[in-house]
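On the provided structure of chain A, position chain B as indicated by the hints.
One letter stands for each residue in the lines below.
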Amino acid sequence: MNSKVKQPDLLNEYKFSKSELSSNSLTKSELDAFGDEIDQLKKEAIADLGQRDADYIRSIVRKQRYSEISGRALIHFSLDPISWAVGVGLLSVSKILENMEIGHNVMHGQYDWMNDPKLYSQTYEWDNNCDSDSWRKTHNYEHHTYTNIIGQDRDYGYGILRLSDDTPWKPRHLFNFLTYGVLSAFFQSGVGVHELEIEKVASGEVSLKEKKPMLKAFFKKVSKQTLKDYIIFPLLAGPMALKVIAGNALANLARNLWTSTVIFCGHFTENSHTFHDVDYENETRGEWYYRQILGSGNFTGGKWLHIMSGNLSYQIEHHMFPDVPAHRYEEMSPKVQDICKKYGIAYNTGGFWSQYKTVLARVARYSLPPRKANAQLA
Amino acid sequence: MRTLQAFSNKFWQHNGQLQNYIDFILCEIDPLFSRQRIGAEVFQIINEAENTKTFILRPPSRWEGFKPGQYISVELEINGVRMRRNYSISSSPKLFREKQLFSITVKEIDGGIVSTYLNNGVQTKDVVYISAASGSFGMDDLQSIDTNVPLSSTLFVAAGSGITPIMSMIEHIKEYNPDTVFTLVYYTTNKEQQIFSKRLNGLKDLLPNFSFIPHLTESEGYITKEQLKSDCPDITTRNIYLCGPQAFMDSTKEYASDLGVSDTALKFESFGSSPNTLTYNSEKEGVVNFTQSGNSIQSKGDKTLLELAELSGLNPKYGCRNGICFECKCSRIDGQVLNRLTGELIPEDQSQIQSCISVPVGNVSISDL
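These protein sequence lines map, in sequence, to chains A and B.
This note's numbering puts the first residue of the first sequence at 3, with every later residue one more than the last.
This note's numbering puts the first residue of the second sequence at 73, with every later residue one more than the last.
For reference, chain A alone in the conformation it holds in the complex (with noise of 0.2 Å):
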């Protein structure tokens, strides 16, 4: 089996493949028992979704629209920058909340059982730079069908940063950091043209003529934001207008380095796996588990540590039951952790500061080339 592994030569950092995950850990009649009852604890969650759940989401929409109404009355009305900057830091709160807790989890259709038209998966639009109906296809679709699989899952690295010796060294990569940075400020207009394949446009593989739909799509969606942010709230201030500009900026940005960190939280700690073509071909139900649970990492901290991570906090859960309301990983997590402990599966899982330092060690390792001496250890 190892020898259908691609790119061998870049194999020196890639610590598990399939055919390790069969011999040295689990037998397939493993895989499947576990399978069946990480299934089985799935069955369960959806069995008893109610008015738990509908009251629960409903009073997040509240909190942020509370928070989004007061934060922009504060920018625009305050007259004192303390006030200016409690309304900053009030519509933050609420573009994260809107962004992470309710829009991600809604367009994953974790409510769509609600049956309630504002809280449906296929028409939620939420307030960033990208379009939903792209974020449904790159992020829903790609992102969590192939997890961490090298060349497919295109969040690994977003197709400009190394993370992990799966990706040749180029000497751009010294300015790793750098493109992390970069990104992580800008990232709601990553995410928005994600789609757009920029790499593989650049190399000529895809053209661009291709991509003209979702990219206008892209700058449809940009310049509704804009308008929102940048011009009609701030001409609703007069000749207050500037500091609007610079209120709603800042509230953009927290958000944008926000959701980058708990993302990047998510899949590129030093613990998260990463996955080939390979591993996904004839694929079970417990494997796929499996690959989700090596694939992502949690962190743990406060009941709204987890509530403004959309708890993506949660992200092993997340990626094991992407349609259920994530409210319910919390209780979950135990139960999955018990499993995984039964069938000696490692589960990623530590304090929030402790798991972004991995995360930021590793862009930081994978900024420079693969070591010789290292890859003979290993």
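Keep in mind the hints are simulated off the structure, nothing from the lab.
Note that this is a predicted model, so its numbers are computed, not measured.
Hints may be right or wrong, so weigh each one.
[As the list claims (entries may be wrong)] Below are the DSBU-like pairs computed for lysine-lysine, each with C-alpha atoms no more than 35 Å apart in a straight line:
1. A/K218 / B/K82
2. B/K372 / A/K44
3. A/K202 / A/K245
4. A/K45 / B/K356
5. A/K214 / B/K401
6. A/K44 / B/K389
7. A/K45 / A/K30
8. A/K139 / B/K389
9. A/K44 / B/K356
10. B/K82 / A/K120
11. B/K139 / B/K389
[What the hints assert, rightly or not] Some chain A residues well away from chain B (every beta-carbon gap over 12 Å; in silico):
12. D38
13. L76
14. N117
15. K139
16. H141
17. L176
18. G206
19. M216
20. G240
21. S335
22. C342
[Claimed, not checked] Sample of chain B residues facing chain A (criterion: CB under 7 Å; computed from the structure):
23. F96
24. N151
25. G152
26. V153
27. T261
28. K263
We put the beta carbon where it would ideally sit given N, CA and C, even for glycine.
The following block gives chain B in isolation, referenced to the frame of chain A:
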């Protein structure tokens, strides 16, 4: 003032973020202020008969009213899920005109989630969400409100909760055309199940030209041609309004036709019964592909696209589940479907179809589920 109204209507026709936020604030003040949905307050609940309650509702002033015989869809949130069902209006237009109130009367159906919830979980002051009134079961000559001229003689035939739209028409006759000659033949299993019996008996004493003939199937058996003839000997001269369970309506229509009633003299409404009894199957097997999700499922030709999508693990959007509201529409790429309510094929060039009433005939592909 009129231009302001027109502007407001135009504004609320859009479903943008601005509208969502304004509606959110309005609803935070009072859910009845909503402009995106029509909230109606439960004003009073009346125990009408066994497992049957009448809900008197107070709609907002922008609700446009109804004609006797029409129905509304009622949306409720039950255990977090929004569900919608159609109910006939059972009150008189006068009540609405004078007090801005109207009523629906709901019989609890075994296993019926919405009817059970309405009968057991709803209290006065609760808010339910309603649609504009629709349906054409009303009497055509009801326009003569102020003239007091009797309407042409009429026969109402009802069974079970099929009495509800007819009650509204009878109340209308009482209020505006009391000299009209009309008969009500009303079938129920037993006396306990008789809805509006007090009101109907009271009307019988009040209106000399009204004959009320109740039948109890438990002791008398189902409707027969002879019974229909003896209840209304001049049946061929009457306008007939029929409402009840499908099997009941089928036999009544057959008997009426045997007695010489022309098709145009008879109008019927099937909302008084479970809509599930009135369905057609395609009986042709095939595979249904939902290309957006990649799900596919075997169809035996006895389930709708909506039911199949749900069985395959999807959660598509829906509203009435009865072919009315178009909330469930989806895009067909390929394959034939038939309309469950009429049994007719939906034309092949029609790509937008209602999944709740479309039954696949063989293989079908849907692009947006």
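Now for the hints, and whether the structure bears them out:
no.	hint	in the structure
1	A/K218 / B/K82	holds (28 Å)
2	B/K372 / A/K44	holds (28 Å)
3	A/K202 / A/K245	violated (40 Å)
4	A/K45 / B/K356	holds (31 Å)
5	A/K214 / B/K401	holds (28 Å)
6	A/K44 / B/K389	holds (22 Å)
7	A/K45 / A/K30	holds (22 Å)
8	A/K139 / B/K389	holds (19 Å)
9	A/K44 / B/K356	holds (34 Å)
10	B/K82 / A/K120	holds (20 Å)
11	B/K139 / B/K389	holds (30 Å)
12	D38	holds (17 Å)
13	L76	holds (16 Å)
14	N117	violated (4 Å)
15	K139	violated (10 Å)
16	H141	holds (14 Å)
17	L176	holds (41 Å)
18	G206	holds (29 Å)
19	M216	holds (17 Å)
20	G240	holds (19 Å)
21	S335	holds (22 Å)
22	C342	holds (25 Å)
23	F96	holds (6 Å)
24	N151	holds (4 Å)
25	G152	holds (3 Å)
26	V153	holds (6 Å)
27	T261	violated (34 Å)
28	K263	violated (38 Å)
Going through the hint list in order, the structure does not satisfy hints 3, 14, 15, 27, 28.
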